[in-house]
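Engineer: Starting from the structure of chain A, add chain B where the hints point.
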Amino acid sequence: MLLLNLILILLVGGAIAWWSERLGTHWPRLVAVFVVLVDLLYLLNYLAGIPIEQLSVVPAASDPSSWLLAYQLDWIPRFGISFHLAMDGLSLVLVLLTLVLGVISIISSWNEKNDRQGFFQANILWTLAGVIGVFLAMDLFLFFLFWEVMLVPMYLLIAIWGHEGKAYASMKFFIFTQFSGLLMLLAILALAILHHSATGVYSFSYFDLLSTPVENGMAHWLMLGFFIAFVVKLPGFPFHTWLPDAHTQAPTAGSVILAGILLKTGAYGLIRFTVPLFPEAALDFAPIAMFLGIAGVIYGAVLAFSQTDFKRLVAYSSVSHMGFVLLGVFAWNSLALQGAVMQMVAHGFSTAALFMIAGALQQRLHTRDMREMGGLWHHMPRMGAVALFFALASLGMPGVGNFVAEFLVLLGLFAVNPWMTAAAALGLITAAVYSLIMMQRAFYGKPKADLVVADFGWLEMNAMAIMIIALIWLGLYPQPVLDMVQPVLDSLFSVVSSNSITVGAQ
Amino acid sequence: METGIQALLAPLVVSIVALILMMQIAFKRHAIVSWLLGCTGFILAILALKPMADIVPKMVTPLLLSDQYSLFFSALILFSGLITTLLAKDYLQNRRGENEEFYLLLLLSSLGAMILVSATHVASFLLGMELLGVALYALIAYPERGQLPLEAAIKYLILSGAASAILLFGFALIYAVLGTLSFVGIGQALTQPILEDQQLLILLGTAMVFTGIGFKLSLVPFHMWTPDVYQGAPVPVTGFLATVSKGAIFAALLRLFIDAELYQYQGLMLSLSVLAIASMLAGNLLALKQDNLKRILAYSSIAHIGYLFITLIVYGVLQQPGLAVEAATFYLSAYIITSLAAFSLLSIISSNISETDLDDISHIQGLFWRQPMLALMLTIALLSLAGIPLTVGFIGKFYIFTAGIEGSLWVLLAALIIGSGISIYYYLRIVFQMTMKEPAGGSGAANMDPNSVRLSVLSKFVVWLLIFMMLYLGVLPQTLMEYLGGLSL
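Residue numbers (numbering that gives the first Met the number 0), protein chains in the order written: chain A, 0 to 505; chain B, 0 to 488.
Extracted from the complex, chain A is given alone in its bound form (with noise of 0.2 Å):
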C-alpha cells in the first residue's frame, strides 16, 4: 500500500495544486513543495522503522515478498498483467532521488515568473508519479505505461513553458522516446508471447519473465529492442541528440527533473531489465555497448566544450557522464554497477544544481550566451562559489560523489577490458577542461561595470546546500549507498549466472 500511496499522494497533489491557483499565484507552488515533502517524510518514516538488517537482504528474483516492500492487485487478468509494486535497495535509492531533486525542482523555479503556476506545479508532480512508478513497476505492462506516461507532462513543461525553441525540442524529445519505446514494447510482448507458448499462461510479471527461456537469435534482437529504449533516454550516443535540445529549451524545473531523474530512468532499465532478461545476448553485446559509452564519454565532452550556451554545455556533459553508467552497466561487475549507481545519483545532483545556476542566469541576465558573460563573480560572489564548486564536482575532484562513481566504473572496467578503460579515463581530462572553461567564460574575467543583478537568495542556498552536502558525503562515505545498493546486485548476479554459464566477468 504505501508504494502504492507514494504515487497516489504525488498524483492527487498535482490536481490540488492545479486546483489551488485559484487562491492566488504563489499557492501552487506552496502546496507542490508540500506534496513533495510530505511523500518523502512518509518514506522516511517507514524506513526508520525497518530494522538495518533488512536493508541487507538479498532480495530474491523469484520471490517479491523477499524484497523492501511489495504491492500486487490483479489488474488485467486477460493476459496475466497485474498492478505489481516492489522497492528493493536500488529501487529505494532513486526513489529517493526523486523525491530530494523533486523538491529542489520546484525550489528552482519558485522566483521565475512563469504563467499558469497551477498546472506547471501539477506537472512536475505528475512526471515525479511517473518516474517514481518507473522505478517501482515490477510488472512489465505496468513499467511501460508509466514509462510513456512520464512523457507527456514532461512533454508539455517543455512546450509550454520552454524557451524560443520549445516547439522543435519538446516535439523531438517526444517522438524519439515514444519510437524507441514502441520497440520496447515490442520486445516486451514478444518476451510475455515467448512466456506464453513456453507454459501457457499470459504473465507480464518481471519474476516469471526472469525465467522464460529464450532462443538465442530472438534473445538477441528482444535485447536491442529494451536497450535502444533504454539508451535514447540515458542517452546513450548515437541516440543522444534530443537531450542538448529538450535541456536547453525546458524550463529550469524541467531540466532539473529531465536531468537529475529522467535520464536515470534509462540507466535504471539497463540494469534492471536488459542485462537479467537477457544476459547472454547482453554479454554478446557489451563491446558494443562499452564502445558506444566511450564515444558518449569522449564526444559529449568535446561537444559541450565547444558550447557558448551554457545549458547546451551542461546538457553535453550530462551526455558525457552518462557514458560512464553506460561503461560500468556492461562492464557488469561488483565495483562497477557500483559506480555506474553511484553516477546515477551524483550526477543527479550536481547536473540538477549546473541547470539550477543557468536558469538563474538566464533570469537574471536574459540570455544563455556566454560570450555575453563574463566577470560574474564580482556581481553575484555567492553563485560564483557555489558553480565553482559543482563545476569541480563534474570534472571528478575527489572527494565528491562524482569522483567515487567514475572512479569505481574505471576500476570495474578496467577488469573487463583495460584498454577501453583508458580510453573512458580520457573523459576525466576531457571533463576538467570543459567545466573550467565554463567557469572561466562566465564568471571570471573583467567585470561589467553597469551590470546590477541580484546574488543567489537564501531559498537558493538552502537548495545548493542540500545538493553541497549530498555529494559530499557521497564523496567521503559512500559506504551508505553501496551497502544499499550491494543486496540487490548480488541478487541480479544470481539472477544472470543462473540463466547462462557464460556471463559474468568477476
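Honestly, the hints are just simulated from the structure, not real lab data. Treat the hints loosely; a few may be bogus.
[Stated by the list, open to error] Calculated pairs, EDC-like style, for lysine to aspartate or glutamate (alpha carbon to alpha carbon, straight line, at most 16 Å):
1) B:K436 with A:E371
2) B:K288 with B:D196
3) B:K436 with A:D114
4) B:K27 with B:D89
5) A:K445 with A:E371
6) B:K459 with B:E129
[Said to hold, decoys possible] Here are some, though not all, of the chain B residues that point toward chain A, as calculated from beta-carbon distances under 8 Å:
7) L126
8) I165
9) E260
10) Q263
11) I387
12) Y424
13) T434
Note that the Cβ used here is the ideal one computed from N, Cα and C, for glycine as well.
Structural biologist: Structure of chain B alone, referenced to chain A:
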C-alpha cells in the same frame, strides 16, 4: 416467425421510428420534435438489443444472422448514431435551413449499418452498404449551402457509386463460377476443384470485391476521396462517417473473411499485407503536411484502417484465431469511441464560434488558456489516437501488437511502429497549437471570449461520457476484453 421478429427487433424499431419521423416532417416541420424522435429511435433500439440478446444466435432468412457479434456492433452503431444526434442539435441550431430530415437520414444510415453487420449473404451485404451509403451522400451535403459540402458529396457519390459497381461486378463474377452468394457457401465452393479458365474469373472477382471494399474503407491506394470528404462534410457527419460507416463495413468484411475462410489464400493475404503497409505509411506521411484538422484526422483514419488490417492478415496464422477477432473488435471499439470524442469536440468548438466549421489548425491556437477543459479533452482524445497508455487507444494497439507478434508478422509490425512514430508528430502538433499563446489579432479560439462560449448541458454530457469511456476502458479494460473474447464468429 415470432422469434424472427424478436431477432431483428432493433433494426425494426429503427425502421418504424424512421417512418414516423417521415410522417411528422410531412405534416408539420418542427426541429425539436424531429430531434426528440431521432433520440427516441436510437434509445429504443438500444433497449431492443436486450430481448434480442436472449435468443441469439438466430438466423433470420438466409440473409441475416443475429448473433453476439452483430449485437455488439449494432450497439456501437446505435451509440454512435445517438451521440451524433445529440451533437447535431447544437450544431444545427446555429445554422440556417430546415434540419428535420437530418435525423431521418441518420436513422436510415444506421439501419443500413446494422444490416451490414448482420449480413451473411452478398445480397444483404450490398443492401446494407447501399442504404448506409445513399443516406450518407445526403448527410454530407445536408446542412450547409457552401461549396465544400456539395463538392464532397458529389465526390463521394460518384466514387462510392463506382466502387459499389465494381464490388457488385466482382460478386457477379464469383457467382458466375461458384453459383452461390452466401458467405459460407462461397467458402465451401472455393475449396472444390475449379476449372483453370474459371480460376481467372475468381481471381478477377476477388480483386474487384476487395477494390470496392478497400475504397469504402479508404485503404491506400483507394483513399483519394477521404480527405476531401472529411473536410467538406459538416463535423458531426464526418464523425459519423469515420465511425459508423467504416466500422460497419470492416465488421462485415471480417465476417465475410472468416465465413468464407478467405484467410487460407496466400496470394490474397500477401496483397492485403501490401495494402495495409501502404496505408499505414502513406496515411501517416500525408497527414504530416496538413493544416486542416479534419484532413489530419482523415489521413490518420487511413493509417488506422491499415493497423486494423493486421488483425485480418494474422487470423490465418494464429493457433487461437479468436485472438485476432478479439483484437479487431477491441481496436475498432477503441477507434470508434476515440474518433467520436475527437469529432464531438471539434463540433462543439465549431458550433460555439461561427457558422462555418472551424477546422484549421490555427483556429484552435491558445485553446488551452481560454477553454482548458475542452483543450484537455481534445488532448486526451489525440493521445488515445496516438496510442499513449491510460487511454483505450493504447489497449487497442497493445492487442494489435500481441496478435501481430503471435503471428510473427514482423514486416507489418515494423510498418506499425514506423507509422505510429510518425503519427506522434501531427497529433502533438495539434496539442502544441493549443498550448501556444494567443496570436495577435487572429480569428481563432484564442479570440473568443471565454464567457461567451456556452457549452450546453447536452454537449457537456456527450463529451464527458466519451472521455470517461476512453479513460475507463484504457485503465480497466478487463470487462470489455472478456466480453469480446466471448464473441464467436
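Engineer: Take the shortest C-beta to C-beta distance between L126 of chain B and chain A; is it under 8 Å?
Structural biologist: Constraint on L126 of chain B not satisfied, violated at 36 Å.
Engineer: Does E371 of chain A lie within 16 Å of K436 of chain B when you go C-alpha to C-alpha?
Structural biologist: Not OK: K436 of chain B and E371 of chain A at ~29 Å, beyond 16 Å, violated.
Engineer: Under 8 Å is the threshold here; is the Cβ of I387 of chain B close enough to any Cβ of chain A for the hint to stand?
Structural biologist: 6 Å, holds
Engineer: Identify whether the interface hint at I165 of chain B stands, where standing means a beta carbon of chain A within less than 8 Å of its own.
Structural biologist: 36 Å, violated
Engineer: Has the given pair, K436 of chain B with D114 of chain A, been kept, meaning a C-alpha gap of at most 16 Å?
Structural biologist: Between K436 of chain B and D114 of chain A the Cα gap is close to 11 Å, so the pair holds against 16 Å.
Engineer: Given a cut of 8 Å on the nearest C-beta pair, is the interface hint for E260 of chain B held or broken against chain A?
Structural biologist: 25 Å, violated
Engineer: For the pair supplied as a hint, K459 of chain B and E129 of chain B, is the alpha-carbon distance within the 16 Å limit?
Structural biologist: 34 Å, violated
Engineer: Classify the hint on T434 of chain B as holds or violated, based on whether any CB of chain A lies nearer than 8 Å to its CB.
Structural biologist: 5 Å, holds
Engineer: Can you confirm whether the C-alpha distance between K288 of chain B and D196 of chain B stays at or below 16 Å?
Structural biologist: At roughly 47 Å apart (the allowed maximum being 16 Å), D196 of chain B and K288 of chain B break the hint.
Engineer: Sort out whether E371 of chain A lies within 16 Å of K445 of chain A, counting only the CA atoms.
Structural biologist: 12 Å, holds
Engineer: Need the status of pair K27 of chain B, D89 of chain B: alpha-carbon distance at most 16 Å?
Structural biologist: 21 Å, violated
Engineer: Is the shortest C-beta separation between Y424 of chain B and chain A less than 8 Å?
Structural biologist: With Cβ-Cβ at 6 Å, under 8 Å, it holds.
When each numbered hint is compared with the structure, violations occur for hints 1, 2, 4, 6, 7, 8, 9 and 10.
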